[in-house]
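Engineer: Listed here are the chains, written in short residue letters.
Protein chains: 2
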Amino acid sequence: MENVFSDTYFMKKALQEAEMAFEKGEIPVGAVIVIDNRIIARAHNLTELLNDVTAHAEMQAITAASNFLGGKYLQNCTLYVTLEPCQMCAGALYWSQISKIVYGARDEERGCIQLKTKLHPKTIMVGGILADEASQLLKRFFIEKRNLN
Amino acid sequence: MENVFSDTYFMKKALQEAEMAFEKGEIPVGAVIVIDNRIIARAHNLTELLNDVTAHAEMQAITAASNFLGGKYLQNCTLYVTLEPCQMCAGALYWSQISKIVYGARDEERGCIQLKTKLHPKTIMVGGILADEASQLLKRFFIEKRNLN
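Chains as they are written, first to last, in full-length UniProt numbering: chain U, 1 to 149; chain F, 1 to 149.
The hints are simulated quantities; they were obtained by calculation from the structure and are not laboratory data.
Don't take every hint at face value.
No distinction is drawn between identical chains; accordingly, a pair holds when it is met within one copy or between any pair of copies.
Unchecked claim - Result set (DSS-like, lysine-lysine): computed pairs, CA atoms no more than 27 Å apart in a straight line:
(1) K118 / K100
(2) K145 / K100
(3) K24 / K12
(4) K145 / K116
(5) K116 / K100
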């Protein structure tokens, strides 16, 4: 029997969060954090609504997951995020010692890979899961935004 | 007449915040954000109390300053922080487009200089203001912590 709790399964949940951001006029990025196949945090980008550059999906998800676990280290947790983390989020993930990061689309310009942000030695990162869906949503957002202005 | 609103003046305020962190058993790092010689945000590290790796002094100060200004960009603002920002905080400062960062002590191991975190082209950074005071406070914290355990 196929394992329903695949990376694609959880990335779809992160994409649902990204769609919520889209509907609020936020750059559509979503994230979930999972432990033992259970989602313990869901978040989407809220930088516009909160007027706060720190309100990326990943940052809120890290805070929510730590709150749920009652501890600041996210061992045995996996973050699913629709867009490759930026320096800030990768820096936060470094401190969290999270076990795994799974991202969707690459951010060639301001992502942590291009900018060589240091990850924790305990963290592994894989990318490209539902990348097209994540990047199509971002493209659609910027096209609609441009047409409105 | 000497300008009372020097970098040293505001760094002393950041050090007072660091001392508050110390008293709470937090790694003693403090920050203030200043615009037109006026302090609009004060914060200190609260990662232990909040169980949250994102609760660095700088992150809280950015959120508070944005809240005060009603906008997410910190143009014409200066951050004073007792310790050189880490990747996460420097990454957040990148997004904020803050005009100036003034830090106290260097963080040779996990600071943004060593780890080459990208700052915004609009941002200038200077260091070494009351560096000894900031680093003595950190050293005292880790000695006391070691003696307690």
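Engineer: It remains to establish, for every hint, whether it holds in the given structure.
Structural biologist: Evaluation of the provided hints:
no., hint, result
1, K118 / K100, "both (14 Å within a copy, 24 Å between copies)"
2, K145 / K100, "neither (33 Å within a copy, 31 Å between copies)"
3, K24 / K12, "within (19 Å within a copy, 41 Å between copies)"
4, K145 / K116, "neither (30 Å within a copy, 33 Å between copies)"
5, K116 / K100, "both (17 Å within a copy, 23 Å between copies)"
Checked against the numbered hints above, the structure breaks hints 2 and 4 and satisfies the rest.
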